[in-house]
Amino acid sequence: MDAVLATFLRALAFGTPLLWAALGEIVAERSGVVNLGVEGMMLLGAFFAFATAQLTGSPFLGLGAAGLAGTLAALVHALVCVRLRANQYVSGLALGMVGAGIAGLLGRGWEGTPLGKALPELSGITLSGLVLSGLVWGFLYHTRWGIALRSVGESPAAADAQGVSVPLVRSLAVGFGGFTAGIAGGFLSVAYRPSWTEGMTAGMGWIAIAITVFSGWDPLRAVAGSLLFGTLFHLSFRLQGVVAPELLKMAPYLGTILALTLTTARRGSRIQEVPEALGVPYVRGER
Amino acid sequence: MRRLLWTLVILLVAGLGAPSTAQVRKLKAGWIYVGPIGDYGWTHAHDVGRRIAEKTLPWLETTYVEKVPEGQVEAFIDRLVKGGAQVIFTTSFGYMDGTLAAARRYPDIIFAHCSGFKRAPNVATYMADFYQVYYLNGLMAGALTRSGKIGYVGAFPIPEVKRHISAFALGVRAVNPRATVHVRWIYEWFNPAAAKEATEALIAEGADVFAFTEDSPTVVQVAAQKGLPSFGHYSPMYRFAPRHIVSGQLVHWEKIYVDFLRKVYNGTYTPRNLQNVDYWWLLAEGAVELGAQPGMPVNPVFRPRLEAVKVRVPGIGTVSVYDLVFRRLREMSGSPPAFDPFTGPIHDRNGKLRVPAGRRMTVQELITMEWAAPGIVGPWPKEPK
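Top line first, the protein sequences correspond to chains F and U.
For the first sequence, the working numbering gives the first residue as 1, with consecutive numbering after it.
For the second sequence, the working numbering gives the first residue as 288, with consecutive numbering after it.
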């Protein structure tokens, strides 16, 4: 029982940044915009959270700075691919690299110091992540605004005809995605492992994008996906004495893909989960 | 007034210009790094070495490129050569073949490849190895564990890391014959999250002292949160856990860089005579150091606990672990070292004799060793039967 509880707590801790980042990506993609720059936004969040928390002594201010940095970075993406209608995939990849580069450059010399005042690992960030997924779910499926956002992602022309501003909704959704990715990165540098190292997210942004897709763009299933990934990730070290480590190394990825594919497949026939206009820039009057 | 001003200007220009023209030739050296210099591990340490070399040698000019993928080293060597580099250091094992290929195209440039084993008339190899320091850390870990279980987070199961874990385990067993070293692999040189979860897994299994091979202070931080002692790795990590870090391994690449560059500069090394130049530098040469911070071999916080544990050592008698650590450190700092952890008889963890009595392992044996020392628990890929 102790082992189960311990594993669950580890899953919560490791799943927290995945959940935060995935929630934002879900909202952005529901509005029809792919943002592959999650890793870069997380790194910016991690750096600004660390630097701010170190300079002010307040990890909460650090998290604020992380959210702000993520939002600003995402708004650049929104400007490029919503306003200027550039290719979302290219812009997102570029954002990922530029974000990682800027964070690395600004972070020079910060890597050798621990954070003076850190947050406990399991804190309000984890709890509010769980609450936030409920809120996002309620927002998407049970509010007029949520319906507007989803229709922008499904059929922007129809939404436009209804008087919904497609660029505005998309920009806000992408901005929100940046905010949560920033918080996810901030969590890493002020709570999960209170220090800064270049490239410290080590691929978590990509896992968050995977969870977005495999959860079928559903915020509640993203909670399950994050926890599942967290569990398997932890177990991949716990079970090394019993199972070959090479196999365990793949397990979290394989398990998450499998479980989420199964849950999506069961509902898949009834509901087409992929936002219809995902990745397609909207130009009024075309089509 | 104007004349005075002009005189001043002329004097100033002459003053600035004179040394550079009067002074002798410069030497330009370039470094190729596999990671970012902000990793606080391997690449960071090499870059610290480069900066110290530049400060120490007035005639040295340096340049570097970071985050160079292992397959692309040749293209970056081209770039450094075009930029005028006369000596090029390639600092990752995976650069080996690329470095040799480039060396054939640039026979007049001097290359030095870190951690490899292939040389050429213009390619030397160099390595600062930690196995002696790991042994010393093992002595302390064996004395500090209460549960008898010591946790080790390893990067990749390759000979270098295996050698270090085995040296560590030999140290542990020299003090505490029943203690075990539990190993978890993360299959990455740098991944703080993986290092963290691996440490958590080891804690859940009862490990209460930690050592590791990963390029961030994660293991030290996680152990300290639980109040458990640990050993730093590669960079000074004392500040991350001043009350819980015991000691660790520190590297001084500058010792090798300064020596090598001096010998290039004074003509000892030329692009034609490096075939047998291999730096395998240890404690005696000062290329590695015991401690979590330069100048502090053992964190004073742990001195009483280490002095309280007494062991009987053949040939020495009964000593405290604290004294034993410093005695072995002294012995290994001599040239040639009076003590080596890999002195026979040594059996592997399956009971097979690996080093016959009275023999020391050779460098060649050390850099290819795959077996596990007694006391090591956990998966050990490619373990010889």
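It should be emphasised that the hints constitute simulated quantities derived from the structure, not laboratory data.
Only a predicted model underlies this, so the values are computations on that prediction, with no experimental measurement involved.
Some hints could be false.
[As the list claims (entries may be wrong)] In silico SDA-like pairs for lysine to any residue, Cα to Cα no more than 25 Å straight-line:
1. U:LYS354 / F:GLY109
2. F:LYS249 / U:ILE603
3. F:LYS249 / U:LYS436
4. U:LYS436 / F:LEU9
5. U:LYS550 / U:ILE339
6. U:LYS354 / F:ALA6
7. F:LYS249 / U:LYS550
8. U:LYS354 / F:LEU5
9. U:LYS513 / F:GLY124
10. U:LYS354 / F:LEU36
11. U:LYS342 / F:LEU105
12. U:LYS639 / U:GLY621
13. U:LYS513 / F:VAL4
14. U:LYS513 / F:VAL90
15. U:LYS669 / F:THR113
16. U:LYS672 / F:LEU9
17. U:LYS354 / F:LEU135
18. U:LYS513 / F:LEU105
19. F:LYS249 / U:VAL598
20. F:LYS249 / U:TRP476
21. U:LYS550 / U:MET383
22. U:LYS669 / F:LYS117
23. F:LYS117 / U:PRO668
24. U:LYS513 / F:LEU5
25. U:LYS342 / F:LYS249
26. U:LYS405 / U:LYS513
27. U:LYS354 / U:ARG391
28. U:LYS315 / U:TRP476
29. U:LYS513 / F:LEU12
30. F:LYS117 / U:ASP635
31. F:LYS249 / U:ARG526
32. U:LYS354 / F:LEU122
33. U:LYS354 / F:GLY124
34. U:LYS405 / U:PRO356
35. U:LYS513 / F:LEU278
36. U:LYS369 / U:VAL352
37. U:LYS669 / F:GLU246
38. U:LYS513 / F:GLU246
So, going through the hints one by one against the coordinates:
1. U:LYS354 / F:GLY109: 17 Å, holds
2. F:LYS249 / U:ILE603: 45 Å, violated
3. F:LYS249 / U:LYS436: Holds, at about 24 Å.
4. U:LYS436 / F:LEU9: The given pair, whose Cα atoms are some 23 Å apart, holds under the 25 Å limit.
5. U:LYS550 / U:ILE339: 17 Å, holds
6. U:LYS354 / F:ALA6: Violated, at about 37 Å.
7. F:LYS249 / U:LYS550: 46 Å, violated
8. U:LYS354 / F:LEU5: With Cα atoms ~40 Å apart, LYS354 of chain U and LEU5 of chain F exceed 25 Å; violated.
9. U:LYS513 / F:GLY124: With Cα atoms ~21 Å apart, LYS513 of chain U and GLY124 of chain F stay inside 25 Å; holds.
10. U:LYS354 / F:LEU36: With Cα atoms ~21 Å apart, LYS354 of chain U and LEU36 of chain F stay inside 25 Å; holds.
11. U:LYS342 / F:LEU105: 23 Å, holds
12. U:LYS639 / U:GLY621: This hinted pair is violated, its Cα atoms lying about 31 Å apart.
13. U:LYS513 / F:VAL4: 19 Å, holds
14. U:LYS513 / F:VAL90: The hint is violated at about 44 Å.
15. U:LYS669 / F:THR113: Between LYS669 of chain U and THR113 of chain F the Cα gap is close to 37 Å, so the pair fails against 25 Å, i.e. violated.
16. U:LYS672 / F:LEU9: Outside the cut-off at roughly 39 Å; violated.
17. U:LYS354 / F:LEU135: 41 Å, violated
18. U:LYS513 / F:LEU105: 33 Å, violated
19. F:LYS249 / U:VAL598: 40 Å, violated
20. F:LYS249 / U:TRP476: 14 Å, holds
21. U:LYS550 / U:MET383: 22 Å, holds
22. U:LYS669 / F:LYS117: 43 Å, violated
23. F:LYS117 / U:PRO668: Violated - the C-alpha atoms of PRO668 of chain U and LYS117 of chain F are around 40 Å apart, more than 25 Å.
24. U:LYS513 / F:LEU5: Since the Cα atoms of LYS513 of chain U and LEU5 of chain F sit roughly 17 Å apart, the hinted pair holds (cutoff 25 Å).
25. U:LYS342 / F:LYS249: Not OK: LYS342 of chain U and LYS249 of chain F at ~43 Å, beyond 25 Å, violated.
26. U:LYS405 / U:LYS513: 44 Å, violated
27. U:LYS354 / U:ARG391: Given pair LYS354 of chain U, ARG391 of chain U holds - Cα atoms ~24 Å apart, limit 25 Å.
28. U:LYS315 / U:TRP476: 30 Å, violated
29. U:LYS513 / F:LEU12: Holds, at roughly 18 Å.
30. F:LYS117 / U:ASP635: With Cα atoms ~45 Å apart, LYS117 of chain F and ASP635 of chain U exceed 25 Å; violated.
31. F:LYS249 / U:ARG526: 32 Å, violated
32. U:LYS354 / F:LEU122: 34 Å, violated
33. U:LYS354 / F:GLY124: Not satisfied, since the Cα-Cα distance of roughly 36 Å exceeds 25 Å.
34. U:LYS405 / U:PRO356: 20 Å, holds
35. U:LYS513 / F:LEU278: Since the Cα atoms of LYS513 of chain U and LEU278 of chain F sit roughly 46 Å apart, the hinted pair is violated (cutoff 25 Å).
36. U:LYS369 / U:VAL352: Holds: LYS369 of chain U and VAL352 of chain U sit about 13 Å apart, inside 25 Å.
37. U:LYS669 / F:GLU246: Holds - the C-alpha atoms of GLU246 of chain F and LYS669 of chain U are around 12 Å apart, at most 25 Å.
38. U:LYS513 / F:GLU246: 29 Å, violated
Violated hints, in rising order: 2, 6, 7, 8, 12, 14, 15, 16, 17, 18, 19, 22, 23, 25, 26, 28, 30, 31, 32, 33, 35, 38; the structure is consistent with all others.
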